[in-house]
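Now for the letters of each chain:
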Amino acid sequence: KAGVTQTPRYLIKTRGQQVTLSCSPISGHRSVSWYQQTPGQGLQFLFEYFSETQRNKGNFPGRFSGRQFSNSRSEMNVSTLELGDSALYLCASSLAVGQTPLHFGNGTRLTVT
Amino acid sequence: DQQVKQNSPSLSVQEGRISILNCDYTNSMFDYFLWYKKYPAEGPTFLISISSIKDKNEDGRFTVFLNKSAKHLSLHIVPSQPGDSAVYFCAAYTSNTGKLIFGQGTTLQVKP
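Residue numbers (the working numbering), protein chains in the order written: chain A, 21 to 133; chain B, 67 to 178.
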């Protein structure tokens, strides 16, 4: 069974640009959530999607958004990139809402210059 | 306000001995507690979890203990192996929010 797949693995963008990251959950998993990992703030929750609906959102500005498709695949978008957005972005999937454990992909390393 | 804390940034243990990683939390509403292991440039790998209604869960060399009155949990690894060397994250989960709140991590080094 394939794990959580995130693409691309690495991205370099310039301040002010926008970026889209992709996540394919484990087959049969319908809940997808996103996390940001930085050295200073650690692992922080961005948002969670289930049945194409955002269920919860963390304390991030509106420049961070996401969506989920009918096949449970998810994308997150960051607009007007800032230097502080440089981070490892991790996607996690679980069977359903409120179900643990969450299984993580290997992340997308975003560098903003 | 950090709801989940791992107060030891690092731990060094001899191969074959027990590794004990600790975690404290402040919110009594968490439903589950999970431990993840992470290598650089990879995502966290799920190790073991415990429901808030239990006080112990065991899986092979890994055992998690939960002390609700002290709002404290610990992960025991016995015996420790060099391949266990990694960063270990404690995380707390609330079903109605669907989010994991992570501690800052503890770097475990197991020396041969």
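Derived by calculation from the structure, the hints in this document are not laboratory data. Cβ coordinates follow ideal geometry from the N, Cα and C atoms, glycine included. Just to be clear, a hint being listed does not mean it is correct.
Unchecked claim - On the chain B side, residues computed to face chain A include the following (Cβ under 7 Å):
id, residue
1, S94
2, Y98
3, K103
4, P106
5, F112
6, I116
7, D121
8, N123
9, F168
10, Q170
11, Q175
To see whether the hints hold, each was checked on the structure:
The criterion of a C-beta within 7 Å of any C-beta in chain A is not met by S94 of chain B, whose closest approach is roughly 18 Å, and the hint is violated. Restraint check, Y98 of chain B versus chain A: the minimum CB separation of about 5 Å is within 7 Å; hint holds. A distance limit of 7 Å between C-beta atoms decides the matter here; for K103 of chain B the minimum to chain A is near 11 Å, and the interface restraint is violated. Interface hint status for P106 of chain B: violated, as the beta-carbon distance to the closest one in chain A is roughly 10 Å, over 7 Å.
The restraint placing F112 of chain B at the interface with chain A holds, with a minimum CB-CB distance near 4 Å, inside the 7 Å limit. Checking I116 of chain B against chain A by beta carbon gives a least distance of about 10 Å; that is not within 7 Å, so the hint is violated. Of the supplied interface hints, the one on D121 of chain B is violated, with its beta-carbon coming no nearer than about 18 Å to a beta-carbon of chain A, more than 7 Å. Given the 7 Å rule on beta carbons, the hint for N123 of chain B is violated: about 12 Å separates it from the nearest Cβ of chain A.
A hinted interface residue such as F168 of chain B counts as satisfied when its beta carbon comes closer than 7 Å to some beta carbon of chain A; here the least separation is about 4 Å, so the hint holds. For the restraint placing Q170 of chain B at the interface with chain A, the shortest Cβ-Cβ distance is roughly 5 Å, inside the 7 Å limit, so the hint holds. Checking Q175 of chain B against chain A: minimum C-beta separation of about 19 Å lies over 7 Å; hint violated.
Hint violations for this structure: numbers 1, 3, 4, 6, 7, 8, 11, all remaining hints satisfied.
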